[in-house]
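In order, the protein sequences belong to chains E and G.
Quick note on numbering: our numbering labels position 48 of the first sequence as 48, and the sequence is numbered without any gaps.
Quick note on numbering: our numbering labels position 65 of the second sequence as 198, and the sequence is numbered without any gaps.
Keep in mind the hints are simulated off the structure, nothing from the lab.
Please read all numbers here as calculations on a predicted model, not as lab measurements.
Distance condition first, Cα-Cα at most 30 Å in a straight line; then the derived BS3-like pairs of lysine-lysine:
1) 246/G <-> 4/E
2) 246/G <-> 126/E
3) 209/G <-> 198/G
4) 209/G <-> 126/E
5) 104/E <-> 71/E
6) 122/E <-> 4/E
7) 122/E <-> 246/G
8) 189/G <-> 209/G
9) 198/G <-> 122/E
10) 5/E <-> 209/G
11) 246/G <-> 75/E
12) 98/E <-> 71/E
13) 246/G <-> 218/G
14) 246/G <-> 34/E
15) 246/G <-> 5/E
Not everything, but these chain E residues come out facing chain G in the computed CB check (under 8 Å):
16) 10
17) 12
18) 44
19) 114
20) 118
21) 121
22) 127
23) 132
Sample of chain G residues with no beta-carbon within 12 Å of chain E, all distances over it, derived:
24) 146
25) 181
26) 182
27) 186
28) 190
29) 205
30) 211
31) 219
32) 221
33) 233
34) 234
35) 245
A virtual CB, placed ideally from N, CA and C, is assigned to each residue, including glycine.
Residue-level listing of the chains:
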Amino acid sequence: MVEKKTLGIMLIGAPYGTQHADHFCRIAERALDKGYNVEVFLYGDAVHAQMNNQRPKTFFPVGETLQRVIKKGAKVYSCEICSIARGYISGELKDGKKDYSSTKVIEGVQFTTIFGFAEMLKRADKVISIGGS
Amino acid sequence: MADLVLDIAHAPFGHENAYAGLFVAMAWVSVGNDALVVLRGDGVFAARRGQADSMKEINLPNTEKQVRDILGEGGKIVADAESMKARSISANDLVEGIDVVSPEQIRSLIAEKGERLISL
Chain E
1 MVEKKTLGIM
11 LIGAPYGTQH
21 ADHFCRIAER
31 ALDKGYNVEV
41 FLYGDAVHAQ
51 MNNQRPKTFF
61 PVGETLQRVI
71 KKGAKVYSCE
81 ICSIARGYIS
91 GELKDGKKDY
101 SSTKVIEGVQ
111 FTTIFGFAEM
121 LKRADKVISI
131 GGS
Chain G
134 MADLVLDIAH
144 APFGHENAYA
154 GLFVAMAWVS
164 VGNDALVVLR
174 GDGVFAARRG
184 QADSMKEINL
194 PNTEKQVRDI
204 LGEGGKIVAD
214 AESMKARSIS
224 ANDLVEGIDV
234 VSPEQIRSLI
244 AEKGERLISL
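Assemble the whole structure, with the sequences as input and the hints as a guide.
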């Protein structure tokens with residue numbers, strides 16, 4: 001049996017201000033549909049893509065697509081420190097564990113550190129970044 | 134050891150990409166991997182030596198310190214000679230240990246090590 005290959009995607013930059021998040025969503029979903037594993041890291045302002053209840057009227061539905069790619073099996077990681085800075089999670093210790101609970105975040109998004117991102121990069125067969133230079 | 138190329142083209146402080154990329158490079162090399170950081174365009178400003186204590190002054194990470202830490206962990210950092218020339222930056226303006234290379238050399242390095250390429 002051929003082992004499924006893993007595509008790693010890093011997104012940086014907020015949704016709606018540019019089309020980067022749209023492109024990221026389309027690429028992730030297309031890769032999943034073609035049978036790839038997909039792992040994603042939301043970095044910097046890209047963590048705004050994880051916000052619950054986005055209701056764009058004329059723009060590409062980033063939140064809705066993110067929910068769909070999670071349901072299709074993508075692992076979506078969000079930068080912990082970027083999410084704390086932007087008010088999505090507290091990250092404070094609660095019973096010996098960091099508190100990642102939030103009503104503001106799409107279900108299925110997982111939080112990780114920059115070292116967790118390094119691990120994700122190592123697992124990936126190919127890595128692309130979207131929203132950078 | 135796994136390779137990772139960080140291609141940084143933004144200047145520090147006005148934009149988060151430079152120090153965000155350097156954080157990734159540092160995490161990568163600190164667990165025993167090989168990283169190549171390519172500074173091009175305004176990204177060459179990230180390696181200027183003699184930066185003030187930016188964390189104290191403006192609450193933003195000091196990219197000179199990040200660059201020194203990456204080099205100290207064995208990471209390789211190159212700066213694009215043409216970008217430096219256009220901005221009147223000499224090798225002496227940059228942190229020691231950075232290689233100044235041509236765009237053609239950057240192309241070769243990325244072709245050699247760019248299985249994981251992150252552009253910021």
